[in-house]
Structures are given as C-alpha cells and as structure tokens.
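Each chain, letter by letter, is given below.
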Amino acid sequence: MKSKIIITSLLIVLIAIRAVLPAILLPKINSYLKDFSEVYAFHIDDFDLSIFRGAYRFEGLTGKLRGKEAHFITANYIDVSLSWRELFRGRILTDVIADQVKFTLTPDLMDGSKAQSAKATLDEGKQAKEKLFPFSASRIDIRNSDFRFADLAGLPPELQLEVTGLEGRLNNVTSSAEDPISLFVGKGSFMNSGAIKVVGELNQAAKPLDWNFDIELKSFEATKLNAFLKRKVPLTFETGTLDAYIEVKSQKAKIEGYAKPFLKNAHFLGDEQDFKGIKHFGVEITIAALNALLKSSADKSVATRVVFSYDAKDSFQWNASHAISTALAHGFKDKLEPGLENIYDLKLTKPKEVKSE
Amino acid sequence: MNKLMYSTIGSLLILTACSTKPAIPEAVTNSKPNKPGASIEAKQVAAQEQSMYVAEIIFKKASSILTAAGKTQIKNTLQQASIAGEIKSVQVLTWADSEYPSVHTKKLSSEERELVTKRNDAISEYLKDNAKEADIKLHSMAERPGMLKNILNTTDSRLKKSLEVAGVPNTDTSIKNPSKASHSIIIVEIK
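Just so you know, the protein sequences line up as chains A and B, in that order. Per our numbering, the first sequence runs over residues 6 to 362. Per our numbering, the second sequence runs over residues 9 to 199.
Note that these hints are calculated values from the structure, not bench results. Treat the hints with caution; some may be incorrect.
[To be verified] Below are the SDA-like pairs computed for lysine to any residue, each with C-alpha atoms no more than 20 Å apart in a straight line:
1. LYS29/B x GLN322/A
2. LYS199/B x ARG94/A
3. LYS254/A x GLN58/B
4. LYS259/A x TYR315/A
5. LYS169/B x TYR315/A
6. LYS39/A x GLU91/A
7. LYS169/B x ARG144/A
8. LYS318/A x LYS184/B
9. LYS184/B x SER198/A
10. LYS254/A x SER198/A
11. LYS259/A x LYS199/B
12. LYS69/A x ALA125/A
13. LYS199/B x ALA125/A
14. LYS257/A x LYS199/B
15. LYS199/B x GLU91/A
[Unchecked claim] Counterexamples of contact, computed for chain B against chain A with all Cβ distances above 10 Å:
16. GLU49
17. GLN56
18. PRO109
19. SER187
[Unchecked claim] Computed spacing ranges between beta-carbons, pair by pair:
20. ASN138/B x PRO185/A: 20 to 30 Å
21. HIS272/A x GLU133/B: 21 to 31 Å
22. ALA120/A x MET155/B: 17 to 27 Å
23. ASN138/B x PHE337/A: 35 to 45 Å
24. PRO139/A x THR80/B: 42 to 52 Å
All figures in this text were calculated on a predicted structure; none of them were measured in a lab. The beta carbon of each residue, even a glycine, is placed where N, CA and C say it ideally should be.
Given the sequences, and given the hints that come with them, work out the whole structure.
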C-alpha cells in the first residue's frame with residue numbers, strides 16, 4: 006500500500022513538473038538567448054520536456070544579428086535526449102538532433118561576426134553551451150537541413166549557392182584520450198541537382214584540431230551555377246554535367262588536398278543576348294576553346310587534378326603546372342580516372358596509455 | 009580558330025612554368041592514380057559504425073576466389089587498424105553479381121546467394137589467418153533482412169540500411185551507380 010502511494014505521488018510530481026516547468030523555463034531561456042551575445046540574438050517559440058525519454062527540446066529556433074531583421078538561422082527543433090546507448094557503457098551523454106536547420110551565410114553575417122574578436126565569440130558560445138546543453142553530447146544528427154551562401158547582400162534565395170536536404174551525423178562528439186576520433190557522415194543535394202556525399206574524421210586530441218574529409222559530387226548540372234558564375238567570372242554554361250572528387254586534410258594547422266573535377270558534355274557560348282559585355286564574350290570564347298582542346302576523345306570529358314595547400318606562412322597555394330599538365334594529358338593520351346584517390350589520412354598511432362595517479 | 013588554339017596552348021605553357029607548389033603528394037599518372045581504397049559509400053557506412061578502417065574489394069564474375077589485390081587491400085586495412093588499437097571485430101558485407109535486392113525482390117536467386125556464401129567464406133578464411141583474435145561477422149547482400157531483424161535493429165539490418173541511405177543501388181534502381189555488384193566491403197572495428 007505504502008509503495009503504491011509513493012509511486013502515485015512520484016508520478017503526480019513528474020506530471021506536474023512536465024506541465025509547469027516548460028512554461029516557467031521558456032521566458033528564462035528566451036531572455037538568456039536574447040542577451041547572451043554582443044552580436045547575435047536568438048529566440049525559441051517553445052520549450053518541451055519529455056521526462057520518460059529523458060529529453061528536452063527547443064522548438065522554432067531563430068537567430069539573427071543584433072539590429073537586423075533577417076534570420077541567418079532557423080530550425081524546426083533541437084532535441085536533446087539521454088543517450089541510452091552510452092548509459093549502458095557507463096557514460097552519461099546526450100544525443101542531439103537538429104531538424105530542418107536553415108542556415109544562410111551572408112556578407113552581413115560575415116561582417117557582423119567581425120564586430121567582436123573570435124575569442125569573445127568562442128567564449129560566448131562556450132557559455133551558451135554550458136547553459137543550454139549542460140550534458141556533453143555523444144552524437145549530433147542533422148536532419149533535412151539547408152545551407153545557403155549569398156555572396157551579395159540581399160541576394161534572392163534562387164540566386165544563392167545552396168546544399169539542401171542535408172542529412173548528417175557527427176559521432177563520438179565527446180571523445181576520450183583512448184578514442185579521440187570523431188567521425189562525420191553527410192549527404193545532400195547541391196543546387197537541387199547533384200548529390201553531394203561527405204565523410205570525415207576529426208582528431209580531437211590534436212591542438213589545433215586535425216581533420217580529414219572526403220567529398221564526392223555526382224551528376225551536377227553545371228547550368229545551375231550560371232547565376233553565380235555570371236557574377237563572378239563572368240561565364241555561363243549552355244549544357245554540362247559536373248562530377249568532382251575532393252580530399253582535404255588539416256594536420257598541424259596545415260591544410261592540403263586536391264580537387265578532381267570532371268566536366269562532361271559542356272557547351273558554352275549560349276545566347277549572345279545574355280552576354281554582359283566584351284569581357285564575358287572573351288571569357289566564353291577562351292573557355293570554349295579550352296573545352297574543345299582538352300576534351301577527352303574517349304568520353305567527351307574535361308578533367309584535371311588541382312593540388313592545393315594552405316597554411317599561415319604560405320597562405321593559399323595551388324599547383325598550376327600540375328593542373329594544366331593533368332588536363333592536357335587527360336585530353337590527349339592518359340585519361341584521368343574518376344574517384345577518390347585515398348591519398349590523405351590522419352596517420353593515427355596507438356594512443357598513449359593514460360596512467361592513473 | 010587555329011590562332012585561338014595556338015594562343016591558348018601558349019598561355020597554358022606559360023602558366024605551366026609559373027607554379028610548381030604545392031608538391032604533388034605522390035608520383036601519380038592519370039590512369040593509375042588511385043591507391044586501392046574504399047568508395048565513399050563504404051567509408052560512410054564504416055563511419056556510421058564508428059570505424060575508419062574499411063576495405064572494398066572486387067571479385068571476378070561468378071568467382072569466389074580472393075584476388076591478390078583484394079588480399080593486399082584487406083591486409084593493409086588490418087595493418088592500419090592494428091596501429092591504432094586492438095582489432096575487436098570485422099564486418100564483411102558481400103554482394104553477388106547483382107545489386108542488393110529491392111523491397112520487391114527481397115532476395116536474389118539461390119545460385120547468387122550461394123555465390124555470396126562462398127565469397128564470404130573466402131574472406132573469412134583469409135581474416136582468420138590475418139586477424140586471429142577478431143570476431144568475424146558475415147553479411148549477405150543477396151538478401152534483405154527479415155522483419156524481425158528490422159524490428160530488433162540488428163547489426164545486419166543496420167548496416168544494410170546505412171548502405172541504402174548512402175546511395176547504394178538495388179535491383180530496382182534505374183541507374184546502377186555506384187554499382188556494388190561483385191564487391192565486398194570489409195569494416196574493421198577496434199577496441
């Protein structure tokens with residue numbers, strides 16, 4: 006009888022907490038999100054608790070630069086739940102799911118982020134993380150999300166570069182000395198055309214962080230880049246399909262990698278009425294000539310390998326002679342093979358044994 | 009047009025002389041650049057299983073004989089994994105000479121399934137000699153997991169679902185790219 010009363014009382018308390026706590030916490034969270042940063046302001050529409058699942062959820066998240074109206078980020082919800090998988094391994098960690106995140110990188114956002122030092126932004130981020138996500142995460146999932154890049158202020162969405170339908174997972178977010186590697190898997194659609202796949206590893210034991218990413222883009226309609234290329238080069242495709250294979254790694258703060266683009270059935274010199282001027286016409290003529298010259302007779306593709314590197318001392322460099330000789334060879338005699346070349350990895354060694362005091 | 013071609017070639021040659029940095033990672037030629045390695049789909053599935061040690065090998069049609077190139081790839085992957093830690097288990101996913109069966113097909117013909125069994129056995133034998141302590145788990149990509157396996161979310165069901173999510177085609181897919189027929193993916197997990 007006594008145990009029944011205890012269980013019933015406990016249930017009533019839990020239901021009361023479930024009913025009352027979100028209403029109490031929501032204004033407090035919003036007050037914090039509004040003021041925690043000198044640069045950014047966030048807001049959530051609702052806060053939800055799921056006691057039996059051991060979870061809480063921020064719903065209808067929006068974020069903007071202070072003093073600006075446009076949101077640079079929105080999310081349907083961010084769900085934080087107890088990781089039962091990790092609990093069985095004796096660790097209290099959470100699984101985080103971010104659903105329908107829409108992030109737009111704009112010149113405004115880039116300028117705004119420079120309004121304070123990177124250290125100050127990092128400190129703000131750390132404080133917010135401690136307040137809103139007090140338990141460390143085991144895994145972060147991104148579902149059905151979009152990433153957009155607008156190179157000009159006020160650029161309408163149809164003219165922005167975008168990766169949509171992004172699905173991704175970052176494993177082992179809270180790493181240990183014995184297992185310092187976090188693995189990332191992602192896929193999405195680039196400009197609603199080509200399928201983009203990413204796999205990467207991050208060595209959290211290294212300071213600064215070491216990472217290695219493989220990226221594949223397949224069957225991308227090059228004409229989807231016309232709006233962007235017209236602004237930047239200027240250049241426009243009449244037809245063309247692009248595949249690209251990229252490996253890039255950063256170790257000891259030095260980035261190195263290669264990009265291997267394959268352009269098939271490309272035609273330039275579209276409608277002359279679209280030309281922006283003599284420069285545009287000249288660029289299109291030159292690119293069309295290069296395309297004709299470098300096209301492989303085997304599959305009508307133009308391809309090359311661009312090897313690049315970046316570090317603080319030498320900044321960005323790319324090997325032009327290799328890119329040109331590879332493209333020439335592909336066009337005439339030695340066809341470049343599509344696919345990742347598996348050149349880079351983090352060359353991990355056995356972690357040092359952690360001695361207990 | 010010829011003038012344009014010559015001036016383009018001239019410009020390219022001038023550019024060629026300009027930049028030689030950064031150095032090329034290895035002495036590669038166009039037609040033989042690839043170090044034997046796994047496809048991005050295989051790497052994605054391995055990463056979902058929290059492993060980055062993965063090999064992908066190809067069998068000849070109707071054959072279950074492990075080629076020398078296949079053995080080298082598996083051996084290299086085992087070596088890389090053993091540098092990072094003690095090998096705990098190896099997951100082997102093997103295809104027949106057809107793609108993974110669709111939800112309508114469910115499983116391939118008995119001959120195809122038998123071929124997968126033989127291929128898995130060949131890999132298993134090789135692994136037993138080279139990763140003695142490892143727990144070897146064999147999966148047939150000639151049949152879909154049953155309802156119970158799906159409900160219980162077994163390793164077999166999880167791996168096959170991950171492969172489908174990564175974009176591996178099935179028997180109903182119109183474009184069989186990236187084709188996995190006759191392939192095996194070997195994922196090495198460390199302790």
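Right, here's what the structure says about each hint:
no., hint, result
1, LYS29/B x GLN322/A, "holds, 7 Å"
2, LYS199/B x ARG94/A, "holds, 13 Å"
3, LYS254/A x GLN58/B, "holds, 19 Å"
4, LYS259/A x TYR315/A, "holds, 6 Å"
5, LYS169/B x TYR315/A, "violated, 38 Å"
6, LYS39/A x GLU91/A, "violated, 33 Å"
7, LYS169/B x ARG144/A, "holds, 19 Å"
8, LYS318/A x LYS184/B, "violated, 46 Å"
9, LYS184/B x SER198/A, "holds, 18 Å"
10, LYS254/A x SER198/A, "violated, 26 Å"
11, LYS259/A x LYS199/B, "violated, 30 Å"
12, LYS69/A x ALA125/A, "holds, 18 Å"
13, LYS199/B x ALA125/A, "violated, 39 Å"
14, LYS257/A x LYS199/B, "violated, 26 Å"
15, LYS199/B x GLU91/A, "holds, 15 Å"
16, GLU49, "violated, 7 Å"
17, GLN56, "violated, 6 Å"
18, PRO109, "holds, 22 Å"
19, SER187, "holds, 13 Å"
20, ASN138/B x PRO185/A: 20 to 30 Å, "holds, 26 Å"
21, HIS272/A x GLU133/B: 21 to 31 Å, "violated, 53 Å"
22, ALA120/A x MET155/B: 17 to 27 Å, "violated, 56 Å"
23, ASN138/B x PHE337/A: 35 to 45 Å, "holds, 43 Å"
24, PRO139/A x THR80/B: 42 to 52 Å, "holds, 49 Å"
Consistency with the previously given hints fails for numbers 5, 6, 8, 10, 11, 13, 14, 16, 17, 21, 22, ordered from lowest to highest.
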